[in-house]
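Here are the chains, one letter per residue:
Number of protein chains: 2
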Amino acid sequence: MAGTLSAFMQEYKDVLEREMKELITNLQAPSVLKKAMDYSLQAGGKRIRPMLLFATLASFGKNPRTGLAAAAALEMIHTYSLIHDDLPSMDDDDLRRGQPTNHKVFGEAAAILAGDALLTYAFQVIAQSNSYSSEHKVTLIEWLAEAAGPEGMVGGQMADIEGETKKLTLDELEYIHKNKTGCLLAYSVMAGALLAGANEEQLAHFRQYAFHIGLAFQIQDDILDVEGSEEKLGKRVGSDSANHKSTYPALLTMEGAKKQLAKHAEAAQAALLQTHTDSALLLELVDLIATRDQ
Amino acid sequence: MAGTLSAFMQEYKDVLEREMKELITNLQAPSVLKKAMDYSLQAGGKRIRPMLLFATLASFGKNPRTGLAAAAALEMIHTYSLIHDDLPSMDDDDLRRGQPTNHKVFGEAAAILAGDALLTYAFQVIAQSNSYSSEHKVTLIEWLAEAAGPEGMVGGQMADIEGETKKLTLDELEYIHKNKTGCLLAYSVMAGALLAGANEEQLAHFRQYAFHIGLAFQIQDDILDVEGSEEKLGKRVGSDSANHKSTYPALLTMEGAKKQLAKHAEAAQAALLQTHTDSALLLELVDLIATRDQ
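Respectively, the protein sequence lines represent chains A and B.
Residues in the first sequence are numbered from 5 upward in steps of one, following my numbering.
Residues in the second sequence are numbered from 5 upward in steps of one, following my numbering.
It should be emphasised that the hints constitute simulated quantities derived from the structure, not laboratory data.
One thing to keep in mind: the hints can contain errors.
Which copy? The list can't say, so a pair holds if one copy fits it or any two copies do.
As the list claims (entries may be wrong) - Straight line, CA to CA, 25 Å or less: simulated DMTMM-like cross-link-like pairs of lysine to aspartate or glutamate:
{"id": "1", "residue 1": "K38", "residue 2": "D95"}
{"id": "2", "residue 1": "K39", "residue 2": "D95"}
{"id": "3", "residue 1": "K38", "residue 2": "D98"}
{"id": "4", "residue 1": "K267", "residue 2": "E178"}
{"id": "5", "residue 1": "K39", "residue 2": "D282"}
{"id": "6", "residue 1": "K66", "residue 2": "E176"}
{"id": "7", "residue 1": "K108", "residue 2": "D95"}
{"id": "8", "residue 1": "K108", "residue 2": "D96"}
{"id": "9", "residue 1": "K262", "residue 2": "E139"}
{"id": "10", "residue 1": "K39", "residue 2": "E176"}
{"id": "11", "residue 1": "K267", "residue 2": "D225"}
{"id": "12", "residue 1": "K249", "residue 2": "E176"}
Just chain A, with the same shape it has in the complex (with noise of 0.2 Å):
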């Protein structure tokens, strides 16, 4: 990671961080479920998402704070979707980033509606914003919610469930991850192109910026179950194929996985040049992103 994107990376995760904490310190709710709220929101990680939506603000010489509710959403969604993804009857995971998940913490009932609490909160954080006028609070839950419901995650999660018990074919592969994950990636781009008052073609442009670092994302993060380092990823590797997964090495061995985000890493990359904006940080965050180790 070069100096430039490091040191902007570890100031606004401090910022994001800060008021992450200050939103739950001011909800009136329960003091267990405001623990477990905040327990998985600072238990931390790049904050690859935010970090997008920042980069983009700084890509058109916007100051990067002026994202900061709606990256403060976006990362409770992110959180959300953990919370319940590691449940006991969905990936029943243990550890989380090397620490015990939420409902190993708090219980199963408690993480449930800790994940609830955050994804409303964070249309509520939206909403509440003195930053944003109305019309933009309105395109930012809309795409939130798309990026987020049925049309995103939560249907590329189901796919997901659904595609556990058979081999898929690529494009089966590639609709997955697009919803799982690549929505959301998309969607931090986008909020930061719409609040820098982006046109519609560079919205088109960095559209298809985050559609390639999504796959990418995905891509790297398979090739880490097989070849990464469960120290620096703090779980289990090698999951996939002991749950005999679908995953890019396996269906198109691990060179080809690799070359395949290598080719999504020069799309992203060509797609930021037709931006015409200053697209430094969010260049490198490609490379962050296709050669991450955890």
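Got chain A sorted already, so can you dock chain B onto it with the hints?
Relative to the frame of chain A, chain B by itself:
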């Protein structure tokens, strides 16, 4: 139930159910997810919350259909809460209105996702509606998220779970019900008043009305769990007592609970008269809520 309210409710129940059916049909999502969402949405009930919204619009002489998107969103959120409440790790109910609960039909993972999808889609439906100004959409979404999220329904549900193992005071019991049931009932009325163009003073009186019908609703719920008909309710009665749950009859005696119910019903009607609207339907709805047998 008097003739006017009865005809009104039948007409708008049909309108609402057709609208919800269409909203699900139009979704680009895996068919099993759509089936699971539709199953619980069409499982019936009197649609009290949408009726409050429609009747509030009618009390201002407005066309109740103006409220259709907001009412569908509201019923989606109410329905998601029932699906999640029924889960094995929550209330572990096999039957709801005489039908198998969502997770009994579709499995636990799909039921969690169907709930998540309904919750998210509710906000999308309001944001995408052609019927409201951006300002009204933002207020509807903000109020709905407050009523349904950690500061409302989800907070109440968490407090309810925590309270199951101890004897509650009347204040604690009111906190739970105000949040778990009252906030969303209040939203139903407030959303209708907002869309009808109510002034601040009228909004305050509608808020009082909603607060009292919320508590009346819950007290009657507790009474029905002792005196109700299993056939009409479509679920077992006596479960509160068997679970040593704090209820109004348990805390106040049955006679005391009925007095309290009558007090809230009267206060609701008094608040309504202060709104100076044509509130015949809303007055009848108080009776319906206070004397319902299912």
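Item to check | K39 and D95: within-copy, between-copy, both or neither at 25 Å Cα | outcome: So K39 and D95 pass the 25 Å test inside a copy (23 Å) and across (22 Å) alike.
Item to check | Copy assignment of K38 with D95, given that the CA separation must stay at most 25 Å | outcome: both (24 Å within a copy, 21 Å between copies)
Item to check | Intra- versus inter-copy proximity for E178 and K267 (alpha-carbon distance at most 25 Å) | outcome: within (15 Å within a copy, 59 Å between copies)
Checklist entry - For K66 vs E176, is the C-alpha pair at or below 25 Å within one copy, between two copies, both, or neither? => result Intra 38 Å, inter 48 Å, cutoff 25 Å: neither.
Item to check | Alpha-carbon proximity context of K267 and D225, limit 25 Å | outcome: Answer is within: at 16 Å inside a copy they meet the 25 Å cutoff, but 60 Å across does not.
Checklist entry - When no copy is specified for K262 and E139, does a C-alpha distance of 25 Å or less occur within a copy, between copies, both, or neither? => result neither (42 Å within a copy, 48 Å between copies)
Checklist entry - 25 Å Cα cut-off: does K108 pair with D95 within a copy, between copies, both or neither? => result Both: 13 Å inside a chain and 19 Å across chains, each within 25 Å.
Checklist entry - Checking K38 and D98: alpha-carbon separation at most 25 Å within a copy, between copies, both or neither? => result Intra 21 Å, inter 30 Å, cutoff 25 Å: intra-copy only.
Item to check | Within, between, both or neither, where K249 and E176 count as close if Cα-Cα is 25 Å or less | outcome: Only inside one copy: K249 and E176 sit 13 Å apart there, 48 Å across copies, limit 25 Å.
Checklist entry - With identical chains treated as interchangeable, where does the CA-CA distance between K39 and D282 reach 25 Å or less: within a copy, between copies, both, or neither? => result neither (40 Å within a copy, 46 Å between copies)
Next on the checklist: With identical chains, the pair K39 and E176 could be close in the same copy or across copies; at 25 Å between alpha carbons, which is it: within, between, both, or neither?
Outcome noted: between (38 Å within a copy, 20 Å between copies)
Next on the checklist: When Cα atoms must be at most 25 Å apart, do K108 and D96 count as within-copy, between-copy, both, or neither?
Outcome noted: For K108 and D96, both the intra-copy (10 Å) and inter-copy (19 Å) Cα distances are at most 25 Å.
Violated hints, in rising order: 5, 6, 9; the structure is consistent with all others.
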